[in-house]
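Peer 1: These protein sequence lines map, in sequence, to chains S and X.
So the first sequence is numbered by the numbering used here: it starts at 717 and just counts up by one.
So the second sequence is numbered by the numbering used here: it starts at 150 and just counts up by one.
It should be emphasised that the hints constitute simulated quantities derived from the structure, not laboratory data.
Mixed in with the good hints, there may be bad ones.
Said to hold, decoys possible - Reference listing, derived: stretches of chain X covered by chain S, where coverage requires no fewer than 3 residues with Cβ under 8 Å from a Cβ of chain S:
(1) 227-234
(2) 250-264
(3) 306-313
(4) 319-330
(5) 333-342
What the hints assert, rightly or not - When the alpha-carbon atoms are kept at most 20 Å apart in a straight line, the in silico SDA-like pairs for lysine to any residue are as follows:
(6) S:LYS977 with X:TRP224
(7) S:LYS1332 with X:VAL194
(8) S:LYS852 with S:ASP777
(9) X:LYS345 with S:ASN1111
(10) X:LYS193 with S:CYS1336
(11) X:LYS246 with S:HIS1233
(12) X:LYS186 with S:ALA1334
Unchecked claim - If you anchor each label on the Cβ, the simulated ranges turn out as follows:
(13) X:ASP329 with S:GLN1179: 17 to 23 Å
(14) S:GLU1180 with X:GLU223: 46 to 52 Å
(15) X:SER261 with S:GLU1190: 50 to 56 Å
(16) X:ASP329 with S:HIS865: 47 to 53 Å
Think of the CB as a built atom: it goes at the ideal place given N, C-alpha and C, for glycine as much as any other residue.
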Amino acid sequence: MLKFNHRKGWIWALVMDCWSRLGIAQTQDKRAIKKAYAVALKKCHPEDDPEGFQQLREAYDEALQLLSAAPSFDVIPQTAVQEDVVPDSAVDPDASLAELFLHEMTELYLDYPRRIDVNEWHALFQSEVLWRLEVKSQLHFQVFHFVAHHSYLPSDVWQVLEAQFSWNTNSLSLYETFPEEMVEFVLEEMNLSVWAPNYQLVFPQPLPEGKKYDDYLNVRAEYLEQMSSQIFDEEEHFVSELRVFSVIDLDVFLVQVQRAKQNNNLVLVNTLYHQIVECFPNTIDGYVGLANLALDKGDWSGAAKYFQSALTISPEHLVSIRGAARCALSLNNLSKSIELLNLAVVLCDYDVESRLLLLRANTDLIVHYSGLDSLDSAQLLQLAQSQYDTAQYQNCVAGIQRWVNSCENVNAFYLLGLACEKLETTDEADQAYFQGISLADQQGDKALQLQLHFARGRLFANQEKYQFAIEQLELALAIDEKNHEVLHHLADAFRMQDNNKRCIELSDQAIALTQKHWIYYSTRGLAYFDLGLVSDTNYYLAIEDFTRVLSSEPGFVRTWLLKGHCEFNLKQYEAALLCYQEAYEYDPEVARICQGLVRCYFQLNEYKAALDAIEKYAQCDDSAVEMVYYYKAELLRLQGLHPQAKKLYCEGAKTVKEVILWCGASECLLLDDEWHEAIYYLDGIVRYDENDVVSHLHLAYAYIATQQWSEAQKAILAYFKHIQPKDTDDMAYFYQGLLQYYFQDYTTAAASLNRALNRQNLAVIRSFLSLTYYELGQVDKAIQLAEEAALLAPRNPDFLVRLKGMRKKLSPGMFSRLFSKRTAPFSISKWPTTEVLPHHEFKYRYFPELM
Amino acid sequence: MRDAQFWALGVSAILTQMNGAEHDQLHSRGNTAAAKKDIIHSLKVYWSVNNREDLLENLVWLGEGGGHNLGFIEWVKLFQLKSEHRIQAYLKANPEKQSMFLVANYYQSLSSVGIRAWDDGRYVSLCRWGATAGYLTEDEAWGRILAHARDVQSAFTGWDQFAISYIAGKQYWQEKTEVDFLMKEMAHVTALNTDKDSPWVKLPWDLDLNTSI
Chain S
717 MLKFNHRKGW IWALVMDCWS RLGIAQTQDK RAIKKAYAVA LKKCHPEDDP EGFQQLREAY
777 DEALQLLSAA PSFDVIPQTA VQEDVVPDSA VDPDASLAEL FLHEMTELYL DYPRRIDVNE
837 WHALFQSEVL WRLEVKSQLH FQVFHFVAHH SYLPSDVWQV LEAQFSWNTN SLSLYETFPE
897 EMVEFVLEEM NLSVWAPNYQ LVFPQPLPEG KKYDDYLNVR AEYLEQMSSQ IFDEEEHFVS
957 ELRVFSVIDL DVFLVQVQRA KQNNNLVLVN TLYHQIVECF PNTIDGYVGL ANLALDKGDW
1017 SGAAKYFQSA LTISPEHLVS IRGAARCALS LNNLSKSIEL LNLAVVLCDY DVESRLLLLR
1077 ANTDLIVHYS GLDSLDSAQL LQLAQSQYDT AQYQNCVAGI QRWVNSCENV NAFYLLGLAC
1137 EKLETTDEAD QAYFQGISLA DQQGDKALQL QLHFARGRLF ANQEKYQFAI EQLELALAID
1197 EKNHEVLHHL ADAFRMQDNN KRCIELSDQA IALTQKHWIY YSTRGLAYFD LGLVSDTNYY
1257 LAIEDFTRVL SSEPGFVRTW LLKGHCEFNL KQYEAALLCY QEAYEYDPEV ARICQGLVRC
1317 YFQLNEYKAA LDAIEKYAQC DDSAVEMVYY YKAELLRLQG LHPQAKKLYC EGAKTVKEVI
1377 LWCGASECLL LDDEWHEAIY YLDGIVRYDE NDVVSHLHLA YAYIATQQWS EAQKAILAYF
1437 KHIQPKDTDD MAYFYQGLLQ YYFQDYTTAA ASLNRALNRQ NLAVIRSFLS LTYYELGQVD
1497 KAIQLAEEAA LLAPRNPDFL VRLKGMRKKL SPGMFSRLFS KRTAPFSISK WPTTEVLPHH
1557 EFKYRYFPEL M
Chain X
150 MRDAQFWALG VSAILTQMNG AEHDQLHSRG NTAAAKKDII HSLKVYWSVN NREDLLENLV
210 WLGEGGGHNL GFIEWVKLFQ LKSEHRIQAY LKANPEKQSM FLVANYYQSL SSVGIRAWDD
270 GRYVSLCRWG ATAGYLTEDE AWGRILAHAR DVQSAFTGWD QFAISYIAGK QYWQEKTEVD
330 FLMKEMAHVT ALNTDKDSPW VKLPWDLDLN TSI
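Next comes chain S alone, as it looks inside the complex:
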């Protein structure tokens, strides 16, 4: 038999009669064919029986082809989709399947009780037709079009639809296919469906003559829309329209309650709430409404009754718990009130109303108990708790101390510890916690053990006894390893002990448990910041954490400052500048912020802004005169204004006598060959700080330049004593060799100068090495080095003189004997240095610490 396959074209195939395969008699009824196909499909799933499915599919296709040109079954006339997305079912079997699906969906929608049953929709979407990607792809649009016209669906049904088609994430294709308004309408209906009115309605059966479910829903939607928009012109019309349907509808009730309240018709409000209770006995709205009405009238007992009814339905309903507590407070049932409020606080720890009621209840309770002759142990503890909660810490401590040792109540010790902490009697607090822990250990109460170890750990941390704090917090953590508060405090204690890695580990754990607390990010950020010197990555991570903190607390100046430091250290000066500017906005009187600004402007070569920032800095901290001199002088140096910088440095150095200015002044003086004044400041610096290697080196150079060889020798020795080998300045070996040469220690001098030469190919080093070899009698070597020096620096007359002199091949031995008592070697006396010796590089070497 010749058959048509939509993918392969006409093919020969042996097949069963298509009607037999579909299990129906030959028909022109397209719907019957589709239904038959759908029934048969359930028996041969494409995955379980691919061959059977293939045959069924071909039979279905054939049956559709055999249909006469009768008009196709219109699933639901008003849902006709745009022509460009309507598949041609006459040629596309997938389109037929899609139509069949839509038909089933329409039937489901029209049957109201089924429509609002999410299980029906789940069942519908388990249909095998959705296994076919082509069909699903078509339905993506067709179902969307359908619900655009049939949008009265409960939230959970919308969720099923979104789970199937992901319209939110695929909205682009929807916008390309449908009018923008339609797409927006459907997506809004879906996304706000959780706010949509309730669909659990009680319709009269049968519906009023000629009315459909959606007629009611249309009127209701318009009514609710107008009421929530405070448009009341057509209120009566809508109310009478709704009345026609006699539907029991909670949303309409609630709107009518609000309207009655607006009209101060409290009788009607009361009636409506009673009707809600009657019609919806399993919801709390009616009871809570009646309770609030009773509260307004001061009918505490009545209100308490209704709140209790609400709590029977929903035991954790905060408003009802709080309301019941308020009633109990007004009825002088203080213990009950406090019990309920404590529950409310546990259920919603950010509820200010419960806290204030608790404050009131505790105040009343203290007065009440003060009037009693004797209190039992539970009452004593309650009294102490109330005193604590109302900030009466002295009374709390005095009260507990009278009886705590005669009872075995862990809570009493805990409370005593807390109150002692408030009074800053930390030894007593520690003692109370310690006793509480011993007792909790005996009783095996893990929760209290944790609470007390945690409290003691925080106490130690507040006293900066971090090692003890860590011990206690680790004990608490051993009881509950998922307590994020303990994790955080432990992290902070480790940070204070400079164990930043452990701090980060623990902070990670705390943050994994909750992302709610900015302080956790702050602690971790500080740890990353401290590790910034190890790796730039840590600065980046610190920036991430600080950003998170600032999103929550944008006014945290210190965090802006630290973030700025991170950016600065990453050489991201513009980003750093933004942080410092932000910090400055919040607090212009923090000197460190102004310093940050100065440093950024220096790096960004914004000299005018830098000068402004220096002035701001001067205003912030009038005691920091030396830093103001320093910044201003450095600013001049940066601009190449060396004489002005030197003048300012020297003026500052004389006025303020601070090392930082002596450093700057000495460097400026060295550059201008003003050796003696430079030596004055450098000598002062190294007396102040013998580890200042740079000043030792400067000093060595200055002494060499002034031919104070012994002083120079001391300076270079001090330099090599304090410098790390890896940090040794290249020129230091030259100075060392040169001095050894002058002191006629030629073998050592040759070694030092060779080392210097290996690091820097300078003519002067070659020249002095040449002189050294000359003194050692290695004339050839000396002449070769002298030639090289002259070649490298042909304009230096000293090198040429030395070269010429050596070429005369004088015997060094004779002269060394003749001049054995000289204080300087023969060669330098014969061929002295007339040019200024090159010196090491003078770098910026002092920037005040950021922190």
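Given the coordinates of chain S, assemble chain X onto it according to the supplied hints.
Peer 2: Relative to chain S, chain X alone:
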């Protein structure tokens, strides 16, 4: 200072307490040059107030403009039309919407006043700061403060309701549902309720603000 004036300054008491400032002076941080400089800076940074016009604009917004309460009340009205079941379903589906949790928590008890105390407290504080900064004369500031205090007195049932409205407002504005945040605010309110020199303790809520001396 007259009792009515002291009572009226009590409207800004939570903020004053938080700043560690004085409850019984118009110039809460004193009337020195340093205080003036400090307040001018704070007004600039936190309020974008650089002059008298800016200050008056903010006062209008906080007063007749409805301030932050305007948006909150819109939500209250919407919540009042929803069943508790629906509200809980909404919150469950949107756990990240902290401000909605706050509306859900307070919409019943604050249905009449909303979070206006948050605006009221700052209104009076702004008047005080404006006087110190020199943007308002003292007489102007007192006139505004007393008029606003009378409005506050007629709107609330007592300092407790005022405090709830104020803190709920601050929570809503900052979208804060952390307990630490609340406890810091509660410490100020507890102090105002227990300190014998507090305007909330010293004077009755229903003090006659028109005639009291």
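Peer 1: Any of the earlier hints contradicted here, and which numbers?
Peer 2: none
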